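Participant: Working from the sequences, and respecting the hints, build out all of it.
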Amino acid sequence: MWPAPGPDPGGPSGLTYAGILVRLAPPAVDGPHVLGALRQLRFTGWLGPEQQGWLVAVASDGGGSVAAGRRGVLEVAADLATRLGATLFAVRVANDRQLVLSVWADGKEAGRYVSDPSHGLRDETVLSDPLGAEHADAFAAAAGRPEAADELAEVLAEELDSEDEIESERLTRVLRLLELPDWLVAASSLPRDVPGGPRSGEFTRLGAGRPGLAGQVSGRAAGVLRSRRRPPPVVVDPPRADPRADYGLW
2 MWPAPGPDPG GPSGLTYAGI LVRLAPPAVD GPHVLGALRQ LRFTGWLGPE
52 QQGWLVAVAS DGGGSVAAGR RGVLEVAADL ATRLGATLFA VRVANDRQLV
102 LSVWADGKEA GRYVSDPSHG LRDETVLSDP LGAEHADAFA AAAGRPEAAD
152 ELAEVLAEEL DSEDEIESER LTRVLRLLEL PDWLVAASSL PRDVPGGPRS
202 GEFTRLGAGR PGLAGQVSGR AAGVLRSRRR PPPVVVDPPR ADPRADYGLW
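Each number in my numbering comes from the position in the sequence shown (counting from 1) with 1 added on.
Hints in this document: simulated from the structure, not taken from any laboratory. Predicted model, so just to flag it, every value in this text is computed and none were measured. Heads up, the beta-carbon is just placed ideally off N, CA and C, and yes, glycines get one too. One or more hints might be untrue.
As the list claims (entries may be wrong) - Simulated restraints on C-beta separations: (1) 242 <-> 32: 23 to 33 Å; (2) 238 <-> 37: 31 to 41 Å; (3) 126 <-> 203: 41 to 51 Å; (4) 173 <-> 201: 13 to 23 Å; (5) 125 <-> 233: 21 to 31 Å; (6) 37 <-> 151: 35 to 45 Å; (7) 234 <-> 155: 20 to 30 Å; (8) 122 <-> 154: 24 to 34 Å; (9) 213 <-> 155: 37 to 47 Å; (10) 154 <-> 221: 35 to 45 Å; (11) 193 <-> 237: 29 to 39 Å; (12) 159 <-> 192: 12 to 22 Å; (13) 214 <-> 125: 42 to 52 Å.
Facilitator: In structure tokens form, the structure reads like this:
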């Protein structure tokens with residue numbers, strides 16, 4: 002199955018998509034190494050061409066499992082970072098109401114950011130304040146743009162003020178600040194050409210780690226199983242309001 006990133010049925014309107022941006026560092030981290038690792042993980046999605054010293058892998062399902070072992074895009078990124086010793090950014094946008102960034106450097110997670118930990122949860126005690134903006138310095142350093150840290154921190158700390166604001170706008174600002182390929186925000190157009198990005202023919206399409214027609218068949222079969230096995234939550238223990246606090250006083 003090749004689900005196109007998009008809004009969840011019955012949920013808030015907005016796009017859902019995810020991707021991994023891998024910083025190239027030949028000879029240990031180059032296109033063939035990244036592709037080989039994705040194939041071993043039985044990844045389903047697209048691997049784009051090199052741009053600005055980065056490779057971008059777009060997941061076929063922005064919020065679901067896209068590799069073996071109940072791996073979502075964050076788990077795939079963690080495995081790639083360990084296997085390759087790579088610097089990379091994992092990005093997930095959910096319904097354009099939540100942005101998740103997980104950044105890895107030298108094989109270790111440098112920090113994780115969630116714009117609204119309460120999104121998609123029925124627990125009203127979970128706070129909606131952005132979580133992880135303090136990692137802006139580490140994120141900017143990983144991208145080779147340490148001078149952008151202060152402005153990045155401001156962008157990450159902002160809360161959406163209205164339904165008219167979307168997380169894709171925040172992500173665009175983040176990618177441009179860090180000089181990363183910003184066409185990722187248009188990834189929902191795949192398998193067609195990506196507006197402002199590569200043409201469809203420049204991508205390598207994988208289904209359960211296999212290219213071509215065999216990959217399409219394998220991808221559909223794997224998609225049926227993976228749809229029943231959701232990846233772990235992005236925040237295991239989200240911040241909650243103190244039930245003893247009397248907010249009415251304020």
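Participant: Out of the numbered hints, which ones does the structure contradict?
Facilitator: Violated hints: 1, 12; rest satisfied.
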